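Chemist: Take a look at the letters that make up each chain.
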Amino acid sequence: MKTPPAPQPPQWAERLLMRIAAPHLREELAGDLYELFQHRVQRYGRRNARLLYVLELLLLLHPRLWRRQSETGKRYTTPHYAQPNPTTMLSNYVKIALRKLARQKAYTLINVISLSLGIACAILIFTLVKYHLSFDTFHAHQDRIYRIYTELHRENITYSTGVPNPMGDAFRNSTTVADKIGRVAFLNKRLITVSPEKKFEANIAFADPAFFDLFHFPLLQGNPKTALQEQHTALITDRIAKQYFGDENPAGKLLHIDGSLVVKITGVLRDLPANTDFRSEIYLPFSSLQEHSPWLVEKDWWLGFNKEMQCFIRLKPGVSPAMVDAKLLRAISEKHYDKEMAKTFHFKLQPLSDVHFNPKLRGQTDRQNLWTFGLTGFFLVITACVNFINLATAQALGRSKEVGVRKALGSRRGSLFWQFMTETALIACLGLIIALGLAYTALPLVNHWFDIALTINPLSDIYLSTFLITLLLFVVFCSGAYPGLILSRFQPVAALKGKLSQRAVGGFSLRKGLVVTQFAISQLLIIGTLIITSQLRYSQQANMGFRKDAVVILPLPDNKPATISTLANQLSGLPGAGQVSFFDSPPATESIGSTVIRFDSRPENERWNISVKSADHRYLSTFSIPVLAGRNLNPSDTVREFLLNETAVKALGLTSAQDAIGKPAFVDNHQGTIVGVMKDFHFKSFRTVIEPLCISTRSEAYNSCGISLNPHTMASTLTDIEAIWKAQYPSAVFTYRFMDEDIERFYKLDNMLLRLIQLFAGIAIFVGCLGLYGLVSFMAAQKTREIGVRKVLGATTGQILWLFGKEFARLLLLAFVVAAPLAWWAMNKWLTNFVYRIEPGIGTFALAMLITILVALLTVSFRSLKAALMNPVRSLRSE
Amino acid sequence: MKGTQLGEFEEIVLLAIALLYDDAYSVAIVEELTNRLERPMSLGVVHRTMQRLEEKGLVNSRFGEATAERGGRRKRLFTVTLAGEQALREARRIRNDLWDGIPNAAFTHLP
Numbered sequence: 001m002k003t004p005p006a007p008q009p010p011q012w013a014e015r016l017l018m019r020i021a022a023p024h025l026r027e028e029l030a031g032d033l034y035e036l037f038q039h040r041v042q043r044y045g046r047r048n049a050r051l052l053y054v055l056e057l058l059l060l061l062h063p064r065l066w067r068r069q070s071e072t073g074k075r076y077t078t079p080h081y082a083q084p085n086p087t088t089m090l091s092n093y094v095k096i097a098l099r100k101l102a103r104q105k106a107y108t109l110i111n112v113i114s115l116s117l118g119i120a121c122a123i124l125i126f127t128l129v130k131y132h133l134s135f136d137t138f139h140a141h142q143d144r145i146y147r148i149y150t151e152l153h154r155e156n157i158t159y160s161t162g163v164p165n166p167m168g169d170a171f172r173n174s175t176t177v178a179d180k181i182g183r184v185a186f187l188n189k190r191l192i193t194v195s196p197e198k199k200f201e202a203n204i205a206f207a208d209p210a211f212f213d214l215f216h217f218p219l220l221q222g223n224p225k226t227a228l229q230e231q232h233t234a235l236i237t238d239r240i241a242k243q244y245f246g247d248e249n250p251a252g253k254l255l256h257i258d259g260s261l262v263v264k265i266t267g268v269l270r271d272l273p274a275n276t277d278f279r280s281e282i283y284l285p286f287s288s289l290q291e292h293s294p295w296l297v298e299k300d301w302w303l304g305f306n307k308e309m310q311c312f313i314r315l316k317p318g319v320s321p322a323m324v325d326a327k328l329l330r331a332i333s334e335k336h337y338d339k340e341m342a343k344t345f346h347f348k349l350q351p352l353s354d355v356h357f358n359p360k361l362r363g364q365t366d367r368q369n370l371w372t373f374g375l376t377g378f379f380l381v382i383t384a385c386v387n388f389i390n391l392a393t394a395q396a397l398g399r400s401k402e403v404g405v406r407k408a409l410g411s412r413r414g415s416l417f418w419q420f421m422t423e424t425a426l427i428a429c430l431g432l433i434i435a436l437g438l439a440y441t442a443l444p445l446v447n448h449w450f451d452i453a454l455t456i457n458p459l460s461d462i463y464l465s466t467f468l469i470t471l472l473l474f475v476v477f478c479s480g481a482y483p484g485l486i487l488s489r490f491q492p493v494a495a496l497k498g499k500l501s502q503r504a505v506g507g508f509s510l511r512k513g514l515v516v517t518q519f520a521i522s523q524l525l526i527i528g529t530l531i532i533t534s535q536l537r538y539s540q541q542a543n544m545g546f547r548k549d550a551v552v553i554l555p556l557p558d559n560k561p562a563t564i565s566t567l568a569n570q571l572s573g574l575p576g577a578g579q580v581s582f583f584d585s586p587p588a589t590e591s592i593g594s595t596v597i598r599f600d601s602r603p604e605n606e607r608w609n610i611s612v613k614s615a616d617h618r619y620l621s622t623f624s625i626p627v628l629a630g631r632n633l634n635p636s637d638t639v640r641e642f643l644l645n646e647t648a649v650k651a652l653g654l655t656s657a658q659d660a661i662g663k664p665a666f667v668d669n670h671q672g673t674i675v676g677v678m679k680d681f682h683f684k685s686f687r688t689v690i691e692p693l694c695i696s697t698r699s700e701a702y703n704s705c706g707i708s709l710n711p712h713t714m715a716s717t718l719t720d721i722e723a724i725w726k727a728q729y730p731s732a733v734f735t736y737r738f739m740d741e742d743i744e745r746f747y748k749l750d751n752m753l754l755r756l757i758q759l760f761a762g763i764a765i766f767v768g769c770l771g772l773y774g775l776v777s778f779m780a781a782q783k784t785r786e787i788g789v790r791k792v793l794g795a796t797t798g799q800i801l802w803l804f805g806k807e808f809a810r811l812l813l814l815a816f817v818v819a820a821p822l823a824w825w826a827m828n829k830w831l832t833n834f835v836y837r838i839e840p841g842i843g844t845f846a847l848a849m850l851i852t853i854l855v856a857l858l859t860v861s862f863r864s865l866k867a868a869l870m871n872p873v874r875s876l877r878s879e
Numbered sequence: 880m881k882g883t884q885l886g887e888f889e890e891i892v893l894l895a896i897a898l899l900y901d902d903a904y905s906v907a908i909v910e911e912l913t914n915r916l917e918r919p920m921s922l923g924v925v926h927r928t929m930q931r932l933e934e935k936g937l938v939n940s941r942f943g944e945a946t947a948e949r950g951g952r953r954k955r956l957f958t959v960t961l962a963g964e965q966a967l968r969e970a971r972r973i974r975n976d977l978w979d980g981i982p983n984a985a986f987t988h989l990p
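Chains as they are written, first to last, in our numbering: chain V, 1 to 879; chain E, 880 to 990.
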């Protein structure tokens, strides 16, 4: 019988040990490690033993490991030459580097500051990007999880995250490609009553039991097998449990959902991680949805869908989602719709990894933004490296004597190069440490801006530490390699004789090129900042076609006509309140339903869709929307009359608004008369074009109340409103928001983008100026004598200043020529997100140019003025 | 001479070498100490200590047999020298003196 071969320790580690260990220790150490490894294979398994082997090897690292045997304690003679300790030369490099850095404080300071700023930004951006990329990646088999979404193909294509209610069952019955199917309905901001005194607002979700097989939200308490199986049960997160019940055990406690549904808590979920888009903290069985909101789950109703009614599936391994899209989902829509509608309704799969990033399907972030951030961070690091290269090559001449002596004493090019690299590494390490500190201090600010909870801990975060090491290597090589090559290239004879000129050092044109790069980056960022700022200001301050300031919006817990009319009477009686209106959505909203329209006696529905708002007769006056033709709606609770906007009239093919007045129309299966045409207003954000819109009275859809306020007595009126509202809805939580806040929210992401780019632009300019300052200082020192001679011969201060200024002015112009088209291209791309947008004019570019010129000239003249004002006697005396 | 001082860990390793007498080599000592001190011990630390002990002349070493368990490499076996024994006895005497000098009252803490 043959025994299986013994497991072997990692070959590379053993070879490494043989390389670095002193010859007299090699055999015993290799044997010791091997023996320990064999013991550990028995005890901890092969994998761990290999890890421990490497660990032991690391712990062996110590000068004793490679120190050669001393003469006195020699056990046997070795034929080796006495080799120096490999760290001797390194410690010499470090010593020289430290002396150099200490002697040239300004040089060190500029380099360390610019590197640490650049790296700090890179760290922050990395953390941010990593955070977004980590969204919902912690679920098992997340690469096979998909969301089914709806595409409506009409005149244009619209997208919805929701699917018709029967979709989940239809998919389950018709195919076998999915091993899990979970329907879920997210309902946000529902009223949860624990006891009459304790009421809360929370996001809830009704989900199939399979939801928790698909998604990894582990239970702290309760049985995962039976979770969500039974009617009237609920799972809550630990956070909610603490909030509602304090330290009491939540199991078995009752919750009232929206005053209608009563559920018993059967389990507690671990708190949701920050990096998930599932924000509901109370989960109820999907079967209970029937009782809570029956209209959401009408059986066999394929024509309607709600964006919150979603369906997630996990495909079996090897199933291609493209095939599911093209065959299975197509077959479902062909089976359940008539021929016409099947052309309209398309269902597709969206990978889970896309959910966070697809703005069309309500993704929170845009991948493009992340790329922008990443690129900006890269630019900033490059800017810092450019500073380093510039200053180092400018100074190379000053070190020619040192290089000469070293070469004469036998230094090779390679060792000189590595000496310089050590210096660079020292500065870069210092910069990195300061950058970590900076990033750590700035983190709360970034978290506040983005409303997230990032942490920076390179010790526990393997990605971050890898990134830092890579970044460090990148910075060291990028900034150290070129100056190192230049230095090590010096001819020793010429260097010692002092015959090297700036020309021999070379690279002045390279230095110019680098300065141009730096300023191009700064200008790019400045132009970006200016354009984003003005577009956002335009979006937020432009006239949207309705009144948006001093209008407060209250959500309504219930909309019985009787409640509404008492509320309307009481609210409009308040002294500080103007108009009071009830509606389903304020004038500008992110989500609005759309449907088909049939006009007058035309035989068929129009080919386009019309957006629908339900609102009472005071809507137009509350939001100051003018009527162009006809009249306003009459008070009513059901759909009788329609108001169209100008775009709708145009889409109907009518030449004048008058032609529409008095005509009958079918909208969403309701018949009514068109009584008026209102002026177009932006009922979505500026990203989309104004579409046809129809307003009609339908009180059962009202869910909000808008009140125009007198701006001077706003605070007191709001307390009055709260009192009335509380009296009407004693069991609900009072919340309100202002119309302009709503509009601001449309541009939340853009605002964040803007803030970051502003910050980065500032840092880029600052870093660029630091480099410029260093360069000018160096030039001034070089030209001391020239300036002296010029002054003696009668040059004015202005002429001397121009000596410095003209050089940099030229470089700036060159940078502008590079940056302007790039910025123009990039910003036009960004602006295409907006249908209503500003045109980036010459003014913006000129302003960016002006800013950089001003800042650069200020920096240059600050230092060169000192040089220009110096008494020539002092500079010439030394000759 | 600075090197004659016996450090605490050196003392423990030296004691372990004496304890294992005929089979005192690094892996055995690592495992013995890991068990007795109830904390993991790295080979590097023990190895360096034994090198130091040898430089101080407190232990002698010789190569043992090559075994398959060690992948055909020899182990270095250690024995305590006379100087080592004296150092250990000296360390013990100092401790005993210290113990003897402790007044009884020092360990009777008030309730």
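Read the hints as simulated data drawn from the structure, not as lab findings.
Keep in mind it's a predicted model, so treat the numbers as computed, not measured.
Warning: the hint list may mix true and false statements.
[As the list claims (entries may be wrong)] Some but not every residue of chain E turned toward chain V, in silico, with C-beta under 8 Å: (1) S905; (2) Q930; (3) R949; (4) R952; (5) R968; (6) A970.
We treat Cβ as the ideally placed atom computed from N, Cα and C, and that holds for glycine.
Chemist: For every hint, state whether the structure bears it out.
Modeler: Each hint tested on the structure:
Checking S905/E against chain V: minimum C-beta separation of about 5 Å stays under 8 Å; hint holds. About 6 Å separates the beta-carbon of Q930/E from the nearest beta-carbon of chain V, less than 8 Å, and the hint is met. The restraint placing R949/E at the interface with chain V holds, with a minimum CB-CB distance near 4 Å, inside the 8 Å limit. Because the smallest distance between the Cβ of R952/E and any Cβ of chain V comes to about 3 Å, under 8 Å, the interface hint for this residue holds.
For the restraint placing R968/E at the interface with chain V, the shortest Cβ-Cβ distance is roughly 24 Å, beyond the 8 Å limit, so the hint is violated. A distance limit of 8 Å between C-beta atoms decides the matter here; for A970/E the minimum to chain V is near 23 Å, and the interface restraint is violated.
The structure fails hints 5 and 6 (numbered hints given earlier, in ascending order).
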